[in-house]
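Asker: From just these sequences and the hints, can you work out the full model?
These protein sequence lines are chains B and R, in that order.
In terms of the numbering used here, the first sequence is residues 1 to 257.
In terms of the numbering used here, the second sequence is residues 258 to 501.
Calculated directly from the structure, the hints in this document are not laboratory data.
Okay, derived cross-link-like pairs now, BS3-like style, lysine-lysine, Cα gap no bigger than 27 Å in a straight line:
id, chain 1, residue 1, chain 2, residue 2
1, B, Lys251, B, Lys10
2, B, Lys95, R, Lys382
3, R, Lys386, B, Lys14
4, R, Lys386, R, Lys456
5, B, Lys18, R, Lys382
6, R, Lys382, B, Lys14
7, R, Lys406, B, Lys22
8, R, Lys349, B, Lys248
Label pairs and their computed distance ranges (CB to CB):
id, chain 1, residue 1, chain 2, residue 2, range
9, R, Ser365, B, Ile225, 46 to 54 Å
10, B, Gly23, R, Tyr341, 43 to 51 Å
11, B, Phe227, R, Tyr341, 44 to 52 Å
12, R, Asp389, B, Lys14, 17 to 25 Å
13, B, Lys14, R, Asp482, 44 to 52 Å
14, B, Tyr245, R, Arg274, 16 to 24 Å
Below, a sample of chain R positions facing chain B; criterion: calculated Cβ distance under 8 Å:
id, residue
15, Glu355
16, Gly359
17, Asp363
18, Tyr371
19, Val375
20, Ile376
21, Gly378
Source: prediction; values computed, not measured.
C-beta atoms are modelled at their ideal positions from N, C-alpha and C, and glycine is treated no differently.
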Amino acid sequence: MNNNDFDLYKQFVKTTFKMRYKGSILGFLWVLLKPFFMFLILFMIFSRVSGSSSGLTSQQYAVYLLSGLIVYTFFNEGMVWGMGSIMERAGLIVKINFRREVVVASSLTMALINFSINLVIVIAVALILNIHITFLGLAYVLLICFTMFLALYGVSFFTSIWLVHVRDLQHIMELVLQLLFYASAVFFPVEMIPENYRFIVYYNPVARFIKAVREALIYGRVTDIKFVLLALVTSLILVIIGSRYFNKHIKKIAEHF
Amino acid sequence: MEKNIAIKVENLTKNFRIPEHGSPNTIQERFVNPFSKKRMIDFTAVNNLSFEVKKGEFFSVIGPNGAGKSTLLKLISGIYIPTYGNIEVDGKLVPFLELGVGFNPDLSARENVYLNGVILGLTKKEVDKYIDDIFEFAELKEFQDLSIKKFSSGMQVRLAFSIAIQVKSDILVLDEVLAVGDGEFQKKCFAYFDEIVGKKTILFVSHGLASVKKYSDRVLWLKEDKTYEIGDPTEMVEKYSKTF
Numbered sequence: 001m002n003n004n005d006f007d008l009y010k011q012f013v014k015t016t017f018k019m020r021y022k023g024s025i026l027g028f029l030w031v032l033l034k035p036f037f038m039f040l041i042l043f044m045i046f047s048r049v050s051g052s053s054s055g056l057t058s059q060q061y062a063v064y065l066l067s068g069l070i071v072y073t074f075f076n077e078g079m080v081w082g083m084g085s086i087m088e089r090a091g092l093i094v095k096i097n098f099r100r101e102v103v104v105a106s107s108l109t110m111a112l113i114n115f116s117i118n119l120v121i122v123i124a125v126a127l128i129l130n131i132h133i134t135f136l137g138l139a140y141v142l143l144i145c146f147t148m149f150l151a152l153y154g155v156s157f158f159t160s161i162w163l164v165h166v167r168d169l170q171h172i173m174e175l176v177l178q179l180l181f182y183a184s185a186v187f188f189p190v191e192m193i194p195e196n197y198r199f200i201v202y203y204n205p206v207a208r209f210i211k212a213v214r215e216a217l218i219y220g221r222v223t224d225i226k227f228v229l230l231a232l233v234t235s236l237i238l239v240i241i242g243s244r245y246f247n248k249h250i251k252k253i254a255e256h257f
Numbered sequence: 258m259e260k261n262i263a264i265k266v267e268n269l270t271k272n273f274r275i276p277e278h279g280s281p282n283t284i285q286e287r288f289v290n291p292f293s294k295k296r297m298i299d300f301t302a303v304n305n306l307s308f309e310v311k312k313g314e315f316f317s318v319i320g321p322n323g324a325g326k327s328t329l330l331k332l333i334s335g336i337y338i339p340t341y342g343n344i345e346v347d348g349k350l351v352p353f354l355e356l357g358v359g360f361n362p363d364l365s366a367r368e369n370v371y372l373n374g375v376i377l378g379l380t381k382k383e384v385d386k387y388i389d390d391i392f393e394f395a396e397l398k399e400f401q402d403l404s405i406k407k408f409s410s411g412m413q414v415r416l417a418f419s420i421a422i423q424v425k426s427d428i429l430v431l432d433e434v435l436a437v438g439d440g441e442f443q444k445k446c447f448a449y450f451d452e453i454v455g456k457k458t459i460l461f462v463s464h465g466l467a468s469v470k471k472y473s474d475r476v477l478w479l480k481e482d483k484t485y486e487i488g489d490p491t492e493m494v495e496k497y498s499k500t501f
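Answerer: So this is what it looks like as structure tokens:
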């Protein structure tokens, strides 16, 4: 990556950031308000049922729910924005030959920025609610976040290209992500799922990440480390293969818009 | 490649595979019509084209719409890849297939200079250095903080051109950039051309035959039937003018 590529990346992030909330009165506050209302709704409806059935106090359930929401949101935004990144910049891509990867990276960075802000808020809420956050727990959350970012990056190398060829992917992705929301035990404890269906959560990496983040934030425990490390290695491999695939197919993309 | 050659195009062919009717980019059509095969048409935009552009040469491309001019420029700029044949480019090439690519209407002029400059290959530091010159040349100094959608199209083009000429390059690829802008702006462009003629290699596409005749060293005439001729500007322009 040369100087210009990096400057270009920063410019893209800056513009996208500015544009996303421009013209709305509350502007950037929406980044915080949307998950907050989602949280409020789910909390009011489920705190009794979900919280007590898993032995969580309502403070703990608040952090439980919030951390689930922000991890899911990170994944959701990363998938959607990463996939749409090339499509979104079609106008540029057919006119100028610049490093296309920059587009994917900057879109994912947007998701990462949102996640970071959300994480700070969750930590603040946890501190207010007297939940002790340990350094180790936080470090583990950051490792998981890094792993997820790599995974999203790797996947986006493929999906951003595929979307140009098959526009339906956008709608399919929406559906899948919606299903995933329910299959990731975001607002209810895994124990609420009948035992013979629990494999859904077990084989769902997002659910595993969410669970690990929760344990790390609420109890300061490092759990499921084998899975996280395996995911990290898998994501790395995915990035390598994905970047090859991307570089091979991106050259022809300008003809397909 | 020989030393004095800036662009070398050898047996260049570009085919596009386009769907016969409408966009088949949704699965819906498959559901609606599961038995109809997706029919594709192979369309040849550039056919077996060879030429060389010398360093410092002002090389123009003329021809009717659909003759493959823009496709050729996109191939040389690396946006499309050739189906057959070779393209070699010696030196830093900056394509201006359109002025103001990536301008964002909601951002201020200043922010857009940064965005567009970086897209064209400048670093942020370079934009920092040139930004005053850019607004000076565009004569838009007092509008720096105005959002660019408030600009007239002429003002936008002036700004875009001023950014473009700050990009250090050996080869300029210009596609119809003079088609827009008023007389005064065109004068400015030509003054700039006078300055760089002979120093930079210029690949110029235009329907403005007068300027093609005036500035070019050689002209490539792409015809509708995908044949071509290369030659002296006056002769080529005259021959081409006879076809309509």
